[in-house]
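Line by line, the protein sequences are chains A and B. Residue numbering for the first sequence follows the numbering used here, beginning at 1 and increasing consecutively. Residue numbering for the second sequence follows the numbering used here, beginning at 1001 and increasing consecutively.
Think of the hints as simulated: they come from the structure by calculation, not from any bench. Check each hint, because a few of them may be wrong.
Facing chain B, a subset of chain A residues (Cβ under 7 Å, in silico) [stated by the list, open to error]: (1) D3; (2) L4; (3) Q5; (4) Q7; (5) L8; (6) D10; (7) A12; (8) Y14; (9) S19; (10) F72; (11) G78.
Here are the simulated DSS-like pairs of lysine-lysine, each with C-alpha atoms no more than 30 Å apart in a straight line [as the list claims (entries may be wrong)]: (12) K1063(B) <-> K17(A); (13) K1063(B) <-> K1144(B); (14) K1144(B) <-> K17(A).
Ideal Cβ placement from N, Cα and C applies to all residues, glycine included.
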Amino acid sequence: MADLQTQLRDYAVYVEKLSPQLMVRATATSPWWRRLADALRRLREFWPTGRVSGCNLVRPPLTRGVSGPIRFARRRRGEY
Amino acid sequence: MSDTEKLTYTDLVLRIEAPLRRAMIATYGIERGTEAAAEALAYGWENWGRLSAMDNPAGYLYKVGRSRAIDVLRRPRVLFPAIPQSGLPHVEPALPAALGRLSRNQRVSVWLIHGYGCPYQEVANILGASIGTVQQHVTRGLAKLRSDLEVDDG
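Bound-form chain B, shown alone (with noise of 0.2 Å):
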């Protein structure tokens, strides 16, 4: 069994809030991806005594929020926020929309890593993929960005 039996939920929920609430704002944007976030926590706080025999509670939790957030698809929000007019003048404003435009996993992918600098063990746990796999996501969701806004500065 893993060092996961001995923790509590207020270590676990230390531990894997902000990965998962990024990585589901990744997936469904900023307010969706939050409230699915804030539905798994409290999944998990409510299956706690299964959740915590689990050696990768983040990757389930991540799954659980991805099922609950079904339930809210069918409202249209923007996926990501607009940039501010006055702060981030130096990123391009088709930022957001392009970003949207990836698949769920290069999105994912690229967010956790390029934009918080997570390892790429951690990204695979909560995606339940292979490091090799988050790799690809990560280069083809790049190439994709880098064509969608027409930089080249790879």
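Just chain A, same shape as in the assembly (with noise of 0.2 Å):
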């Protein structure tokens, strides 16, 4: 058996191969992602079009809840 010291290296190794697949696990599934988006949608107040860097991870807030041709009335506007 190795020195403590020896062992406690050894098994951060062993524990760091495996916490960065966690950590993907984490955003996926934590509601980590949820606020990204909403902070994602938060700045979209600021671009118009929805679209961050031609990810279409945000959609306007202006089309939900909102019928087809209000809406298409609002995009003509260029309200988005």
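Now that you have both chains on their own, put them together as the hints suggest.
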């Protein structure tokens, strides 16, 4: 059996290999992504196309719960 | 004002993601710790304007991660993963449980300093403590581990 500090180092290397995979899972399953989407939605106030770097992650909130003709009229007015 | 003023959020994440994640894992175990680290980084991104003016953003985000982890504290989980059967033959199988029995600050200090070779100053920043305090945590943590595992290599 190696000395305690060597054991700690080796075990930490093992845990380190696992943790980035878990980090990806944590960011995908925790409320993290939802908060990211909320933040992007807020960002949309300054970015009316609703597209960020070509990714259509954020649907323009004005399109939700708004009927087609109203949405069409708003789009013509350039609201989004 | 410190040089963090000139940093972008990406720079900050590149600098502190690993120590923050490791500290959160040492505090709450591998699963809950990684979740807490992800939460803390997300909070940092949302509040970058305030965070960018701080002298010790890593310490602040560590506290944020701790408060976020409270949400999942009720879920019973293994603190550290068991030693794999096939690998790490020279690591004592009781080590993960013994680490779990240390106090939080002792575990973070021992884990970061002896597991990853982090400098004492970096650990002191994360814990918001002095270097002397971190040294005490390490000394007492190692002594407790040696006593728990019944090893005498010190």
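Structure-based check of all given hints:
Contact between D3(A) and chain B, as hinted, is supported at the beta carbon level, the nearest pair being about 4 Å apart and thus within 7 Å. Taking 7 Å as the C-beta cut-off, the interface hint given for L4(A) holds, the closest approach to chain B being about 6 Å. This hint holds: Q5(A) has a C-beta 5 Å from the nearest C-beta of chain B, less than the 7 Å allowed. Interface hint at Q7(A): satisfied, since its Cβ lies 5 Å from the closest Cβ of chain B, which is below the 7 Å cut-off.
The closest approach between the C-beta of L8(A) and any C-beta of chain B is roughly 4 Å, which is under the 7 Å cut-off, so the hint is satisfied. A distance limit of 7 Å between C-beta atoms decides the matter here; for D10(A) the minimum to chain B is near 6 Å, and the interface restraint holds. The interface hint given for A12(A) holds, since its Cβ lies 3 Å from the closest Cβ of chain B, which is under the 7 Å cut-off. Annotation: Y14(A) was flagged as interfacial toward chain B, and the flag holds, the nearest CB pair being 6 Å apart, inside 7 Å.
Look at S19(A): its Cβ gets to within about 6 Å of chain B, closer than 7 Å, so that hint holds up. Contact between F72(A) and chain B, as hinted, is not supported at the beta carbon level, the nearest pair being about 34 Å apart and thus beyond 7 Å. Restraint check, G78(A) versus chain B: the minimum CB separation of about 29 Å is more than 7 Å; hint violated. Between K1063(B) and K17(A), the direct Cα distance comes to roughly 25 Å. Compliance with the 30 Å bound is thereby established for this hinted pair.
Restraint check for K1063(B) and K1144(B): satisfied, since their Cα atoms lie roughly 25 Å apart, inside the 30 Å limit. Pair hint K1144(B) plus K17(A) holds up; C-alpha atoms about 26 Å apart against a cutoff of 30 Å.
When each numbered hint is compared with the structure, violations occur for hints 10 and 11.
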